[in-house]
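Below are the chains, spelled out letter by letter.
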Amino acid sequence: MSDEHEHNHHDPAPGPVTPDDAGSQALAEALRSSFAIVKFVMVALVVIFLGSGFFQVGTQEKAIILRFGKTVGQGQEALLGPGLHWSFPYPIDEVVKIPITEIQKVASTTGWYAVTPEQELSGNLPPPGPSLIPGVDGYVITADRNVIHTSATLYYQVDDPTRYVFRFVSASNTIQNVLNNALLDTAARFKVDDILYSDVAGFQDAVEQRVSALADQERLGITVKQCSVVSIPPRQLKYVFDQVTEARQNLNKVLDDAHSYENYATNSAAAQASAIISEARSAQARYVQSVQADAKAFNALLPNYELNPGLFRQQKLVEVMGQALTNVGLKAYLPTSANGKPIELRLMLNREPPEPKTGAPAQP
Amino acid sequence: MKRNLITLITGAVLIIIFALLLFTFQVRQSEVAVVTTFGRIMGPPCEPGLHLRWPWPVQQVYKFDERIQNFQEKFRETLTADQISLITSIYVGWRISDPSAFLNSFKDGSVTAAQSQLESLLASDNITVVGKHPLADFVNTDPKQLEFDQIQTEMEQMVQSELQTNNYGIQIEFLGIKQLGLPENVTQAVFDRMKSERNILISRAQNEGQAEAIKIKANADRQANETLADAQAEATRIEGEGVAEAAKTLPVFQKNPELANFLLSIDAMKQALNQRSTLFFDDRIPPFDLFHGALTNAPSHRP
Numbered sequence: 001m002s003d004e005h006e007h008n009h010h011d012p013a014p015g016p017v018t019p020d021d022a023g024s025q026a027l028a029e030a031l032r033s034s035f036a037i038v039k040f041v042m043v044a045l046v047v048i049f050l051g052s053g054f055f056q057v058g059t060q061e062k063a064i065i066l067r068f069g070k071t072v073g074q075g076q077e078a079l080l081g082p083g084l085h086w087s088f089p090y091p092i093d094e095v096v097k098i099p100i101t102e103i104q105k106v107a108s109t110t111g112w113y114a115v116t117p118e119q120e121l122s123g124n125l126p127p128p129g130p131s132l133i134p135g136v137d138g139y140v141i142t143a144d145r146n147v148i149h150t151s152a153t154l155y156y157q158v159d160d161p162t163r164y165v166f167r168f169v170s171a172s173n174t175i176q177n178v179l180n181n182a183l184l185d186t187a188a189r190f191k192v193d194d195i196l197y198s199d200v201a202g203f204q205d206a207v208e209q210r211v212s213a214l215a216d217q218e219r220l221g222i223t224v225k226q227c228s229v230v231s232i233p234p235r236q237l238k239y240v241f242d243q244v245t246e247a248r249q250n251l252n253k254v255l256d257d258a259h260s261y262e263n264y265a266t267n268s269a270a271a272q273a274s275a276i277i278s279e280a281r282s283a284q285a286r287y288v289q290s291v292q293a294d295a296k297a298f299n300a301l302l303p304n305y306e307l308n309p310g311l312f313r314q315q316k317l318v319e320v321m322g323q324a325l326t327n328v329g330l331k332a333y334l335p336t337s338a339n340g341k342p343i344e345l346r347l348m349l350n351r352e353p354p355e356p357k358t359g360a361p362a363q364p
Numbered sequence: 001m002k003r004n005l006i007t008l009i010t011g012a013v014l015i016i017i018f019a020l021l022l023f024t025f026q027v028r029q030s031e032v033a034v035v036t037t038f039g040r041i042m043g044p045p046c047e048p049g050l051h052l053r054w055p056w057p058v059q060q061v062y063k064f065d066e067r068i069q070n071f072q073e074k075f076r077e078t079l080t081a082d083q084i085s086l087i088t089s090i091y092v093g094w095r096i097s098d099p100s101a102f103l104n105s106f107k108d109g110s111v112t113a114a115q116s117q118l119e120s121l122l123a124s125d126n127i128t129v130v131g132k133h134p135l136a137d138f139v140n141t142d143p144k145q146l147e148f149d150q151i152q153t154e155m156e157q158m159v160q161s162e163l164q165t166n167n168y169g170i171q172i173e174f175l176g177i178k179q180l181g182l183p184e185n186v187t188q189a190v191f192d193r194m195k196s197e198r199n200i201l202i203s204r205a206q207n208e209g210q211a212e213a214i215k216i217k218a219n220a221d222r223q224a225n226e227t228l229a230d231a232q233a234e235a236t237r238i239e240g241e242g243v244a245e246a247a248k249t250l251p252v253f254q255k256n257p258e259l260a261n262f263l264l265s266i267d268a269m270k271q272a273l274n275q276r277s278t279l280f281f282d283d284r285i286p287p288f289d290l291f292h293g294a295l296t297n298a299p300s301h302r303p
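Protein chains in written order, with our numbering: chain A, 1 to 364; chain B, 1 to 303.
Hints listed in this document are in silico derivations from the structure and should not be mistaken for laboratory results.
Only true hints are included.
EDC-like, lysine to aspartate or glutamate: derived pairs with alpha carbons at most 16 Å apart:
#	chain 1	residue 1	chain 2	residue 2
1	A	Lys225	A	Glu102
2	B	Lys255	A	Asp294
3	B	Lys217	A	Asp256
4	A	Lys316	B	Glu258
5	B	Lys255	A	Glu306
The model shown is predicted, which means the values in this text are computed figures rather than measured ones.
Just chain A, same shape as in the assembly (with noise of 0.2 Å):
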């Protein structure tokens, strides 16, 4: 557009200027040409300056644009979201951005021995000194005055991102602090036993709390999503903390054992006793039951008996006698002798005899 108004206005131009030196009208031309040239450059330059304003925004960010050094926006209007944005280039707008839905993570630095990353992903851990050396050597002191190693690794979330990035010089290591005093603080409220093994996860949670409460307190815009702890005494005591820990499980195998024990006698104690109890209740039922039945049969036996008495009796006993001689292993008549002197009769018996047989040998 420019461009052809200028043509128009140029035409009539080199009439007055220069009537006919052929050098002049050259030198024009080129000149014409050059600043023809110049001007392009000059728009290209415009239309490159403003499309550097365009900026990306991914998905676990949002930006914030400040125009002159002040937020554009009030609040959360001032967050811009995911994809493509524009704003003035610099020096009238600046972007800031500002990582959030992802997690972020810290850990702290005061409770643990020193060693470097590096040593501790080779396992190539440097010995243990006599004592621990302040500013080297980490730790924290318990409630029982025991001293102990524990680290915590903090993964939290930034709810406030704009009080996250303008309030703080450097959040995260703000929130390192935290996490430091945290676990002091902590600690300071626990006995050594709980921390490392009677109340791992209360100790975990009570740092996760205190750890909140403070960024509450601090107003440092974030959410705590999650924090782990880790507790071991110091190394030089390693084995006797070890030698505990084994002689509670033997204590425990032991109080398991007697308790098996215990339940293996009152359950079979109880089996018995019930056993004892039927037995008698089947006694019982089957003693009554045969007195019953004696007393029928005596009932209808009373009658023959009191025809004759004498009678009755020999019946019986013959009877009996009769069925007593079938089932007896042996059997032996000794007749009256004729002289009416008893007949001596003399017996071997074995002490116990294992056959019926065995009684015999009786000489008449």
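Keeping the supplied structure of chain A fixed, place chain B upon it in accordance with the hints.
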């Protein structure tokens, strides 16, 4: 002349840009600026945005970071109220609350100078506050006696009031103990104590286990015996019931005690003469009484 117009416009734009650079300044969000005219502070501090100024040497602009800055003290050995040597390290979050006062207090508003001032304040306050508390206030199994938070608050208030009195233009946002420690030689003593505590725990675990196991076993035996004794008693009672029940039939037998006794004897005999018995008879016992007198050759049978 059109050509001259364009040149003019270009020139004007350049001059405007140059003038803007000379006569304005930007204050970024999170910053605060103080303007001095011939070295004298003029007006209130500037908020973020674009501001006008006279160029140097008339006016000068000092910009300060208004955000909370971290500062942490080095290790410091102090004595507690009960004369225990304690090593502490304190961190603070501080910020420039009054830029004008800050600029007046520290040359060219130097943050480094401010931090060294802060450090010396912290050092003396740390010693003072720690010296007022026994170690039991720092670490304690009883949360009621623990005064960790109070100690931190005390330090914070002390530093805060001193900063205000001196009008440094600095404010403490938070203060906390970063690390608590013991002198190196003390840690060795602590190790020895911990070791003996562990040894006590070991022997206690062993002895307690044995004692408890014996107790449990003895208790189990006692319970088992009680259960059995109860069962025996119950069995006896049941037996008694049976006898009582059977006794109800007694009147029947009383109709003829002789027959009753006879029947009982018969029964007893039946039971006694089961298998594996040996019987000897003479001829007075039925049914062998049939032999009596029938066998006349019996005596001659004898040698």
